[in-house]
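S.K.: Letter by letter, the chains look like this.
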Amino acid sequence: MKKLLLGNEAVARGAFEAGVKVATAYPGTPSTEITENIATYDEIYSEWSPNEKVALEVAIGASFQGARAICSMKHVGLNVAADPLFTVSYTGVNGGLVIVVADDPGMHSSQNEQDSRYYALSSKVPMLEPADSQECKDFVKQAFEISEKFDCPVILRLTTRIAHSRSIVELEERNECGLKEYKKDINKYVMMPGMARKRHEVVVKRLKDLKDFSNQSTLNQIEWGNTDIGIITAGISYQYAKEVFENASFLKLGMIYPMPDELIREFAKKVKKLYVIEELEPFIENHVRKLGIEINGKDLLPVTGEYSAQLIKEKLLGQKTEKEETADIPARPPVMCPGCPHRGIFYVLARLKLVVTGDIGCYTLGALPPVSAMDACVCMGASIGMAHGMEKARGHEFSEKCVAVIGDSTFIHSGITGLIDIVYNKGNSTVIILDNSITAMTGHQANPATGYTIKGETTIQVDLVKLAEAIGIKRVRTIDPFDVKEAEKAIKEEIQAKEPSLIIARRPCALLKGVKYKGAMKINQEKCKMCKMCMSLGCPSIVDKGDRIEVDEALCAGCGLCTRICKFNAFSKAGEQNE
Amino acid sequence: MSKGYNILIVGVGGQGTLLTSRILGTVAINLKQDVKVSEVHGMSQRGGSVVTYVKFGETVNSPLIEAGETDVILAFELLEAYRWIKYLKKGGKIIVNCQRIDPMPVIMGKQKYPEDIIDRLNELDLQIIPVDALCIAKSCGNIKAVNTVLLGVLAKHSGIDKKIWIDSLKENIKEKFIETNLKAFEAGYDL
Ligand SMILES: Cc1ncc(C[n+]2csc(CCOP(=O)(O)OP(=O)(O)O)c2C)c(N)n1
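Residue numbers (the numbering used here), protein chains in the order written: chain A, 1 to 579; chain B, 1 to 191.
Certain hints may be false.
Pairs of lysine-lysine residues, derived as DSSO-like cross-links and limited to a Cα-Cα distance of at most 27 Å, are as follows [to be verified]:
hint, chain 1, residue 1, chain 2, residue 2
1, A, K208, A, K188
2, A, K545, B, K110
3, B, K176, A, K516
4, B, K138, A, K513
5, A, K522, B, K138
6, B, K32, A, K3
7, A, K492, A, K474
8, B, K144, B, K162
9, A, K315, B, K89
10, A, K320, B, K89
11, A, K489, A, K426
12, A, K353, A, K492
13, A, K474, A, K518
14, B, K176, A, K3
15, B, K86, A, K313
16, B, K163, A, K2
17, A, K290, A, K124
18, A, K522, B, K112
19, A, K2, B, K90
20, A, K315, B, K90
21, A, K527, B, K110
22, B, K138, B, K183
23, A, K315, A, K273
24, A, K313, A, K298
Here are some of the chain B residues that sit facing chain A, going by a computed Cβ distance under 10 Å [claimed, not checked]:
hint, residue
25, I29
26, V35
27, G42
28, V60
29, L64
30, S158
What the hints contain is simulated information worked out from the structure, not anything from laboratory work. Backbone N, C-alpha and C fix where the C-beta goes; we use that ideal spot for every residue, glycine too.
Modelling step: build the complete structure from the supplied sequences, incorporating the hints.
M.R.: Here it is as structure tokens:
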């Protein structure tokens with residue numbers, strides 16, 4: 001049967017067909033749909049882990065006990081999981097282990113544009129890169145074969161346009177491969193110096209074998225065309241290049257680490273002009289140059305941003321495309337949704353003019369105008385460490401004008417350790433957990449603070465108050481972010497306290513199923529004094545028309561936050577009287 | 001259509017453009033064509049400008065459509081229609097939902113929302129088909145069916161057999177929503 005699948009859905013299907021037993025992940029665009037889709041198969045145990053490191057460790061355990069296991073994450077997730085990655089390269093596997101990592105060239109939804117291919121190189125782990133959804137499925141299955149044959153984890157690398165494009169996939173049956181026998185073997189599975197030294201030798205030898213495999217494998221293919229131009233490429237860049245150079249010769253790499261040196265040499269010999277076309281870093285290019293082959297690549301093409309057929313035409317063929325300026329079209333940056341619970345806290349933070357160390361999630365949008373209430377955002381969990389570091393740099397008093405804000409999922413992911421640091425090292429910082437009862441930015445995944453599993457089953461919910469108390473925070477309070485008066489009072493009191501504080505601002509995401517505010521707001525123009533206080537909320541449904549303020553009823557969620565800040569009582573629910 | 005058929009779906013994150021592209025993909029499969037659909041997930045779905053590329057053809061390589069190569073633009077919002085217009089072929093069709101959603105720079109009064117978008121589009125060499133899909137969806141009893149209304153309009157102008165559209169619609173919509181969606185589709189088709 002043929003189906004139109006997202007690259008991510010095809011990876012999930014590949015895992016199913018490969019007989020995977022355990023699938024783990026922490027969500028992250030553009031990888032999230034992999035595990036969301038795996039969760040629809042009853043044959044596979046799946047989970048949202050608290051972070052990528054734990055996710056990989058769970059998958060490693062499953063592999064050691066003989067199951068096929070898959071672990072998925074976005075590119076920056078692999079930084080978090082890098083510690084187990086480098087050592088599971090030494091231990092190798094028992095059941096096949098595949099790590100899926102999704103890069104985001106162009107940063108559609110990411111804080112950086114790092115190139116994960118270097119992780120394959122530095123951890124000596126093979127890496128495959130598919131170029132469409134069919135290959136996503138096929139390569140997952142091949143990755144498991146390679147993993148078990150060569151006794152190593154295998155990384156499957158996607159990029160956004162592969163992960164989030166649909167193309168046609170032929171479905172097959174599941175191969176129920178069962179569990180492999182587990183034999184205790186401390187020389188393989190316990191990595192202490194004595195054992196690890198020996199294993200590193202094994203890894204080096206393995207890499208040689210993998211190189212031979214790469215030269216033979218159908219994963220790497222030459223498509224002969226006109227030999228005037230030869231192109232070495234992989235993944236989505238292959239598709240772009242193919243559209244521009246229909247008749248050229250191609251060496252399409254499916255296995256991008258280790259690369260097939262002999263095949264590259266053979267290809268290079270027969271073509272007159274050679275290009276390497278790859279997004280981000282010159283990963284393939286540097287390798288080909290090291291083989292002593294002359295090529296063009298990053299001398300013509302950028303290391304930043306996404307490619308497209310148009311860009312390749314422009315840079316390699318000099319075909320300029322006219323760029324008409326459509327100057328007066330206002331940009332449309334993303335915004336916190338109507339009804340977003342985060343809006344209440346950011347309104348208060350902006351009023352108090354505090355230094356706000358931020359974190360990653362929907363609430364990062366609080367950095368943008370008109371709210372503009374964030375000073376820094378680096379990586380998940382960093383809000384807390386940064387606030388502590390700022391205080392240590394500037395002295396105790398600084399904690400009176402600084403707060404850290406962090407989402408519930410992000411707090412569980414890597415905020416807890418930062419909070420322990422503040423307590424342990426006698427900091428005074430105030431941390432606000434913006435608990436909207438969901439991992440929202442990535443499209444609503446459950447997490448340990450929600451009380452639900454990936455399959456929607458109820459489970460034990462982390463009690464954030466007790467957790468904070470247990471690590472030694474004495475000042476813990478829970479507030480409603482829409483009660484802006486109470487929120488302001490709480491924040492003022494806690495920043496002045498001479499000890500660490502935790503404020504949990506709790507109200508569910510407006511897009512959650514159970515949340516119903518009913519009916520849009522309207523504004524009574526006679527009562528409105530045009531003070532524009534409401535405009536500082538940055539609510540997309542309250543619009544400044546110049547001579548008056550209007551509510552866009554089609555957008556308004558009816559949350560009523562505006563009624564709480566309007567001094568003139570001008571807002572009311574449509575259909576209600578506002579006296 | 002043998003030479004390929006490129007459709008761009010543009011709108012504002014949260015407007016439900018993804019279902020439309022999924023149905024279009026099914027249409028392509030039912031026509032025994034190769035197809036790629038490139039979607040936007042993540043940050044931009046929070047009220048940002050979103051675009052979905054749908055490409056039919058004998059074989060489709062790049063999932064992206066380049067400027068000036070689109071046969072039809074299906075725009076869920078006026079400003080987004082205007083933003084993406086340079087992607088349309090000369091003489092191409094643009095189906096525009098007349099809904100207006102102000103972006104933040106406009107809401108804050110920093111920039112003006114162009115009031116004369118339809119007039120500006122009319123000056124260009126293209127076929128413009130304005131639709132009040134919100135109003136039609138309301139009258140069909142489901143304000144969320146804006147996307148199926150627009151799909152109906154697209155079906156009418158596509159030259160593809162109506163039955164294929166209806167089959168594809170049914171394949172992608174849950175049983176209990178089929179009736180209202182079919183009604184919305186027909187309303188768009190009969191415009
Ligand atoms: C290491 C890492 N993993 C995953 C992500 C992707 N990511 C960005 S925000 C986010 C979730 C945020 O959820 P939460 O903290 O609850 O905030 P919300 O979006 O619900 O406001 C995730 C998973 C990331 N940026 N970095």
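S.K.: All hints, please: hold or fail.
M.R.: Each hint tested on the structure:
1. For the hint linking K208(A) to K188(A), the alpha-carbon distance of about 19 Å falls within 27 Å, and the restraint holds.
2. With a C-alpha separation of about 11 Å, the suggested pair K545(A) and K110(B) falls inside the 27 Å cut-off, and the hint holds.
3. With a CA separation close to 22 Å, the supplied pair K176(B) and K516(A) stays within the 27 Å bound.
4. For the given pair, K138(B) sits about 22 Å from K513(A) by alpha-carbon distance, which is consistent with the 27 Å threshold.
5. Between K522(A) and K138(B) the alpha-carbon distance is near 20 Å, which keeps this suggested pair within the 27 Å criterion.
6. Annotation: proposed proximity of K32(B) to K3(A) holds, straight-line Cα distance about 12 Å (limit 27 Å).
7. Proximity of K492(A) to K474(A) is assessed by CA-CA distance (about 17 Å); at most 27 Å being required, the pair is judged to hold.
8. For the hint linking K144(B) to K162(B), the alpha-carbon distance of about 22 Å falls within 27 Å, and the restraint holds.
9. At roughly 23 Å between alpha-carbon atoms, K315(A) and K89(B) fall within 27 Å of each other, so this suggested pair holds.
10. A C-alpha spacing of about 17 Å is found between K320(A) and K89(B), which places the hinted pair at or below 27 Å, so the restraint holds.
11. Restraint check for K489(A) and K426(A): the C-alpha separation of about 24 Å stays at or below 27 Å, so the hint holds.
12. Simply put, K353(A) and K492(A) have alpha-carbon atoms about 11 Å apart, close enough for the 27 Å limit, and the pair holds.
13. Taking the CA atoms of K474(A) and K518(A), the gap is near 38 Å; set against the 27 Å cutoff, the hint is violated.
14. Of the supplied pair hints, the one linking K176(B) and K3(A) holds, its CA atoms being roughly 23 Å apart against a limit of 27 Å.
15. As the CA atoms of K86(B) and K313(A) are separated by approximately 18 Å, the hinted pair is consistent with the 27 Å bound.
16. Pair hint K163(B) plus K2(A) holds up; C-alpha atoms about 20 Å apart against a cutoff of 27 Å.
17. Simply put, K290(A) and K124(A) have alpha-carbon atoms about 18 Å apart, close enough for the 27 Å limit, and the pair holds.
18. Only pairs whose Cα atoms come within 27 Å are accepted, and K522(A) paired with K112(B) is accepted, the gap being roughly 23 Å.
19. Of the pairs offered as hints, the one joining K2(A) and K90(B) is violated, with about 35 Å between alpha carbons and a cut-off of 27 Å exceeded.
20. Under the criterion of a C-alpha separation no larger than 27 Å, the hint pairing K315(A) with K90(B) is consistent with the structure, at around 25 Å.
21. The straight-line distance between the Cα atoms of K527(A) and K110(B) is roughly 25 Å, inside the 27 Å bound, and the hint therefore holds.
22. Restraint check for K138(B) and K183(B): satisfied, since their Cα atoms lie roughly 11 Å apart, inside the 27 Å limit.
23. Using a Cα cut-off of 27 Å, the hinted pair K315(A) and K273(A) holds, with the two alpha carbons roughly 15 Å apart.
24. Under the criterion of a C-alpha separation no larger than 27 Å, the hint pairing K313(A) with K298(A) is consistent with the structure, at around 15 Å.
25. The interface hint given for I29(B) is met, as the beta carbon of that residue sits about 6 Å from the closest beta carbon of chain A, less than 10 Å.
26. For the restraint placing V35(B) at the interface with chain A, the shortest Cβ-Cβ distance is roughly 7 Å, inside the 10 Å limit, so the hint holds.
27. The restraint placing G42(B) at the interface with chain A holds, with a minimum CB-CB distance near 3 Å, inside the 10 Å limit.
28. A hinted interface residue such as V60(B) counts as satisfied when its beta carbon comes closer than 10 Å to some beta carbon of chain A; here the least separation is about 7 Å, so the hint holds.
29. Residue-level restraint check for L64(B) holds (minimum Cβ-Cβ distance to chain A is 5 Å; threshold 10 Å).
30. Hint status for S158(B) relative to chain A: violated, with the closest Cβ pair at about 18 Å, above 10 Å.
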